[in-house]
Structures are given as structure tokens and as C-alpha cells.
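With the hints as constraints, model all of the structure from the sequences given.
Spelled out from the first residue to the last, the chains are:
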Amino acid sequence: MTAVLGASPAATESAPDSPPGTGRVSLVFTALIVGLAAATILSVTLGSVTVPLGETLRVLFGQEASDPRWSMVVRDLRLPRTITAIAVGAALGIAGLQMQTLFRNALADPFILGASSGASLGVAIVVVIGGGGASGFTAGLAGLGRAGVVLAAALGAAAVLLLIVLLSRWVRSAVTLLLIGVMLGSATTAVVSVLLVYSDPQRSQQFLVWGLGSFTATTWSDLKLLVPVVLGGIAVALLTVRALNALLLGEGYARSMGIDIRVVRLTTVVSAALLAGATTAFCGPIGFLGLIVPHLARMAFGTSDHRILLPGVALLGAVLALVCGIMSQMPGTDTVFPLNAVTAIVGAPVVIAVLIRSRRGALGAAL
Amino acid sequence: MIPSSTVTPGVELHDLTIGYTRRRALRRGTVTEVASGLSAVARRGELTALVGPNGAGKSTLLRTLCGLQPALRGRVLIDGEDVATVKPADLATRISVVLTERIDPGLFTVRELVALGRTPHLPASARLSPEDLAAVDQALEAVGATRLASRQFSELSDGQRQRSLTARALAQDPSLLVLDEPTSFLDVPSRVELVDVLGRLAREQNLAVVMSTHELELALRVADRMWLLGTDRTLTCDTPAALAESGRIGAAFDRGRMRFDSRTMVFDLKPEDSSV
Chain A
1 MTAVLGASPA
11 ATESAPDSPP
21 GTGRVSLVFT
31 ALIVGLAAAT
41 ILSVTLGSVT
51 VPLGETLRVL
61 FGQEASDPRW
71 SMVVRDLRLP
81 RTITAIAVGA
91 ALGIAGLQMQ
101 TLFRNALADP
111 FILGASSGAS
121 LGVAIVVVIG
131 GGGASGFTAG
141 LAGLGRAGVV
151 LAAALGAAAV
161 LLLIVLLSRW
171 VRSAVTLLLI
181 GVMLGSATTA
191 VVSVLLVYSD
201 PQRSQQFLVW
211 GLGSFTATTW
221 SDLKLLVPVV
231 LGGIAVALLT
241 VRALNALLLG
251 EGYARSMGID
261 IRVVRLTTVV
271 SAALLAGATT
281 AFCGPIGFLG
291 LIVPHLARMA
301 FGTSDHRILL
311 PGVALLGAVL
321 ALVCGIMSQM
331 PGTDTVFPLN
341 AVTAIVGAPV
351 VIAVLIRSRR
361 GALGAAL
Chain B
1 MIPSSTVTPG
11 VELHDLTIGY
21 TRRRALRRGT
31 VTEVASGLSA
41 VARRGELTAL
51 VGPNGAGKST
61 LLRTLCGLQP
71 ALRGRVLIDG
81 EDVATVKPAD
91 LATRISVVLT
101 ERIDPGLFTV
111 RELVALGRTP
121 HLPASARLSP
131 EDLAAVDQAL
141 EAVGATRLAS
151 RQFSELSDGQ
161 RQRSLTARAL
171 AQDPSLLVLD
181 EPTSFLDVPS
191 RVELVDVLGR
201 LAREQNLAVV
211 MSTHELELAL
221 RVADRMWLLG
231 TDRTLTCDTP
241 AALAESGRIG
251 AAFDRGRMRF
261 DSRTMVFDLK
271 PEDSSV
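Those sequence lines, one after another, are chains A and B.
Per UniProt numbering: the first sequence = residues 1 to 367.
Per UniProt numbering: the second sequence = residues 1 to 276.
Please note: incorrect hints may appear among the correct ones.
[What the hints assert, rightly or not] Listed below are several chain B residues computed to face chain A (Cβ distance under 7 angstroms; list not exhaustive):
| id | residue |
| --- | --- |
| 1 | LEU99 |
| 2 | GLY247 |
| 3 | ALA251 |
[As the list claims (entries may be wrong)] Here chain B is said to cover these stretches of chain A; the calculated rule only asks that three of the stretch's residues, wherever they fall, bring their Cβ under 8 angstroms from a Cβ of chain B:
| id | region |
| --- | --- |
| 4 | 74 to 88 |
| 5 | 236 to 250 |
For the record, the hints were derived by calculation from the structure and aren't laboratory data.
Quick reminder that beta carbons are idealized off the backbone N, C-alpha and C, glycines included.
Written out as C-alpha cells, the structure reads:
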């Protein structure tokens with residue numbers, strides 16, 4: 001890319017004395033927190049049945065609604081769905097950011113690199129082959145069975161990512177590496193389809209529905225597993241902030257600053273596998289969020305600094321996931337759209353618009 | 001306590017063999033030797049220029065010097081200590097680099113980029129202490145980039161980029177600063193300016209500064225010491241005047257009608273009819 005672009009508006013706006021961007025960063029964080037609160041309330045309020053806002057808030061604060069059905073709808077359906085969306089959005093945002101930095105590629109995310117396919121394979125092996133009990137699909141697996149599915153999904157995601165990391169020792173080109181990820185993803189998906197041939201048709205049908213993505217299949221007991229695993233993945237991610245920042249300068253510079261590349265890769269893969277694996281196990285492979293959230297966060301905050309981006313993508317991911325969840329439920333109707341259709345329909349235009357509007361994005365320097 | 005007379009402050013190469021092991025998928029790696037028997041010193045407070053024809057192994061030598069790749073044989077000592085025995089995290093507080101590869105770090109202001117140089121001094125959370133911030137400001141000031149601090153790195157000219165990357169390396173607070181071809185993308189004024197800054201940094205901050213360059217005539221004028229990596233894969237370490245005098249520069253660089261004049265320290269074109 002060309003280095004000489006002339007002064008940007010952002011550069012001339014900032015006051016000469018204060019560190020640049022500080023005001024903007026707190027402003028964006030404030031906006032995201034307000035947005036998260038608003039989206040959470042909407043997600044709990046809206047749905048096929050209209051529950052008055054006052055009644056909803058009563059249930060949220062531990063009281064009973066005047067109609068017991070409303071209590072049930074809010075407490076057992078909408079609240080788990082809302083918490084799931086927040087956890088999944090945060091997890092996919094962080095995993096996407098990790099992949100984009102680790103592979104130094106603006107198009108990397110857990111879905112594209114095949115981590116979600118790996119997770120699907122893990123789920124398919126446990127559910128379709130292992131049986132996992134006679135009852136329905138993952139929704140029927142309680143307790144340890146469910147934990148087994150999550151573990152299998154995380155292992156599947158980790159296996160694909162580790163394979164890509166291993167290949168990255170020989171493949172220098174980021175584009176080639178991305179293509180290898182896409183190929184691995186396709187091959188893994190193909191193995192899943194082959195597995196489905198040997199399972200009974202009802203199971204296959206359930207698997208396909210699960211593959212469309214959904215926040216609505218999780219129960220309170222699922223959340224007891226999903227939330228801690230996502231928090232664990234985020235905690236591991238926080239340990240790598242310093243190293244990920246150094247990696248933005250390339251591996252040579254990172255090593256010259258004392259960063260052990262192998263440790264960073266392994267830590268990041270473990271963290272991303274936990275995040276992508278857990279979300280895939282409960283909600284199916286969800287595309288687009290992991291890809292677009294880091295880009296939107298970079299443009300909103302105006303920095304590539306992981307100290308700001310890591311909490312930033314978690315918040316933004318949660319907000320976007322909630323919005324997509326609300327849209328997939330079409331308020332006031334019984335219609336439910338596949339979540340992946342919504343993320344793509346919302347996500348694709350956003351990405352294109354943002355890339356065209358941003359000169360840096362158009363020049364391929366959005367990372 | 002070691003008597004100070006036995007420790008040479010700066011960098012020493014002792015009978016060093018450089019090269020690389022090429023990793024190959026599913027096969028055994030192959031070892032390629034680039035140059036051997038290299039011995040030289042680069043002292044603190046001095047600007048040392050590494051020159052040599054293309055392909056002589058300047059980059060390999062610099063990468064070995066700063067610990068980015070292991071020496072095949074021999075030793076590199078920094079302030080009397082073998083770099084092979086120093087942990088990478090500790091080495092990073094003593095050696096910093098400006099690499100030749102173009103970087104595209106994304107959305108970073110110059111100040112944020114320079115602050116990345118503090119990485120080896122930071123906790124895992126990457127939180128900058130007041131001392132870190134002061135080191136960043138000093139580094140910006142030392143290379144004359146204070147006025148660029150709030151500009152986006154991606155929007156700088158090549159000369160401003162090199163200046164910022166030098167500030168980043170300086171913020172790392174090293175005793176040895178290594179630069180691989182820092183002048184290669186720059187126009188003539190920027191080249192002279194950058195090399196001038198490097199010489200000043202070496203003196204004022206008591207750093208050993210080692211840079212490789214194709215700017216032979218410029219290097220001969222401003223460097224305190226030269227390392228000449230010749231086509232015969234040997235390393236000569238001397239002052240610019242002595243090196244010019246010895247005729248080794250001519251031996252390494254003379255091509256066709258171009259001859260190095262050791263008296264004026266520039267290359268001349270010999271008239272065609274005067275050739276024998």
C-alpha cells in the first residue's frame with residue numbers, strides 16, 4: 001500500500017496536548033454499555049407474546065408477574081436466550097479478534113478458519129456416533145452429556161486450529177494459510193455429512209436444524225456450563241494482550257521484544273477453541289459475528305490496541321448478537337429465522353459499507 | 001565482580017559462523033552456511049555501519065547479532081555476556097531492532113507504536129506505568145518525532161516511518177540498537193537525516209548502534225566504525241579511513257569502470273579511453 005496518504009481528519013481533530021483518542025474511547029465504551037443495556041431489555045421484552053415492560057422488569061427483579069405464563073416466558077425462555085446471546089457474541093468477537101491478529105489476516109475468524117467446523121465434527125461424533133442417550137439432539141443431553149458435547153466441540157475446534165498453526169510454520173503467505181483453513185473447514189464439514197449418512201434420519205434432521213444456529217435452545221442448566229467456559233476463555237485471552245499487541249508488528253519484531261511466539265500461539269488457540277467450541281456446542285456454528293465485530297470495533301475505537309479492543313469486541317459482539325437474536329425471533333410473530341441467515345443479512349452489507357467508506361479498509365489495511 | 005577492563009562495553013563477535021537451517025515440510029532441515037570466522041567489535045557510543053555487496057549475508061549477520069536466529073558456531077557477546085545464554089525476555093531489554101520488512105500494524109498513532117517498544121518492560125496486562133510513558137516521550141524527542149506523536153503511523157512518509165520505528169526501538173531501552181537497511185526506502189535528505197540521528201543517539205545515549213546500509217559513501221563519512229562483509233565471506237572491522245586506505249572497499253565494490261578512490265572516499269567513473 002502507499003504510505004503517503006496526507007493527513008486524516010482523525011489526526012487533525014485530536015487536541016495536541018491530551019493523548020489522542022482518549023475521549024473517543026470512553027465515548028464509544030459508554031455508548032456500547034448503554035446499547036448493551038437497551039438491547040438486553042428489548043431482548044427480554046420482545047417476542048411472540050407481548051409481555052408489558054413493567055411486568056418484565058418485575059420478573060427480572062425476582063418477583064412474579066401478574067400472569068404466571070408471563071413469568072415463565074420471561075424467566076425460562078427469554079432470559080436464558082438473552083444471556084446466551086451476550087455470552088456467544090462476546091466469545092465470537094474475541095475469538096475473531098484473536099484469529100485476525102494471530103494469522104495477521106483481516107478475513108480470519110473461527111468460522112472461516114474451520115474452527116466452527118471442527119467443533120461441529122466434535123459435536124457430530126459425540127451425538128451421532130456416540131449416541132449420547134436415546135433422547136433428542138443436544139437439547140436432550142443434560143449434565144455430563146452436555147459437558148461432553150462442549151468438550152468434544154472445543155477439542156474439534158482446537159484440532160483444526162492447531163493443524164493450521166502447524167502448517168503456518170511452512171506457509172508464509174497469509175492468503176495461502178486462509179485458503180488452507182477454508183479447505184480444512186470444507187473437508188471437516190464433508191466428514192460431518194458422511195457421518196450423518198450413517199445416523200438415523202431424525203438425528204440428521206436435528207443436526208441440520210442445529211447447524212442453522214440459534215440462541216433459543218439453551219436452558220438455565222446449559223448456561224451453568226456455557227457462561228463459565230466463555231469466562232474462562234476470556235480470562236485466557238486477557239493473558240495474551242501484551243503479546244498480541246507486539247504481534248501486530250510481525251513475528252520478527254514480536255520476538256525481538258521477548259515474546260515467545262509458540263506460547264502465544266498455543267495460548268491463543270486454547271482460548272479461541274474454548275470460546276468457539278462452547279458457543280458452537282450450544283448454538284451451532286455461527287458465522288459472520290467473529291469476522292465483523294473486530295473490524296467494527298477497530299473503526300469505532302480508532303485503534304488496533306488490544307487493551308481497548310479486547311473489552312471492546314466483547315461488548316460490541318454482545319450487542320450485535322442480541323440484535324441478531326431479536327431479529328431472528330421477529331417480534332410479535334411466531335416466525336423464527338435461522339440465526340445464521342440473520343447474521344449474514346445484517347453482517348454482509350455492514351462489512352461492505354464499512355470497507356468502502358473507510359479508505360484504510362479499501363486499501364486493505366483494516367487490520 | 002568482574003574488573004571493568006576485561007569487559008568490552010558493546011558487542012563482540014568471536015569466530016562466528018552464520019547461516020540458517022531451512023525447515024522443510026516432512027523432510028529433514030538443511031543447514032546453509034553463509035559466512036564463517038567472523039570477528040568484530042561494535043562499541044557503545046559509536047555508530048557502526050555494516051556494508052557489503054548484495055547477498056554477502058548482512059541481514060543474516062544482523063539477525064544472528066540480535067538473537068533472532070542462532071549462530072551456527074562461535075559467540076556473540078553483549079557487554080561481555082553470550083547472547084545464547086540470555087533468556088529472550090531479558091535479551092529484549094538489551095537489544096532492539098529496526099527490521100527491513102515493511103510493517104502494517106493497523107490503526108496506531110506514532111505514540112502508540114513507540115509505546116509497543118516498552119513491551120519487554122510491561123506486565124501481561126500491557127499497562128503503561130508513568131516511567132514507561134516518560135520513556136516513550138524521551139524516545140520520540142530523541143529522534144525528533146515528538147510532533148508526529150498523534151499522527152497515524154500508516155499515513156506517514158517513509159522517512160517519518162523509519163524515524164518512528166527508531167523511536168520504538170529506542171523506547172525498548174537497549175544497550176545495542178540494530179537496524180537492517182534503515183535508509184533503503186528513503187530519499188536523499190531523509191537518508192542523511194536518519195543516519196545523523198543514529199550517530200547522535202549512539203553518542204548521547206551511549207548506545208552501540210549497528211546498521212547495515214547500501215549507502216557506502218554516506219557510511220564512510222559518518223560512521224565511527226565499519227564492518228565490511230566481503231564477497232569472500234570475510235568480515236573486516238576497522239575505522240572508515242583505515243578501511244578505505246586498505247583497498248578492501250575497492251576490492252569488494254569496484255565494478256566495470258567504477259573505481260573507489262580512497263583519497264576522496266567516493267566512487268569515480270574511470271574514463272573509457274584510459275583503461276588499458
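Numbered hints the structure breaks, given as an ascending list: 2, 3 and 4
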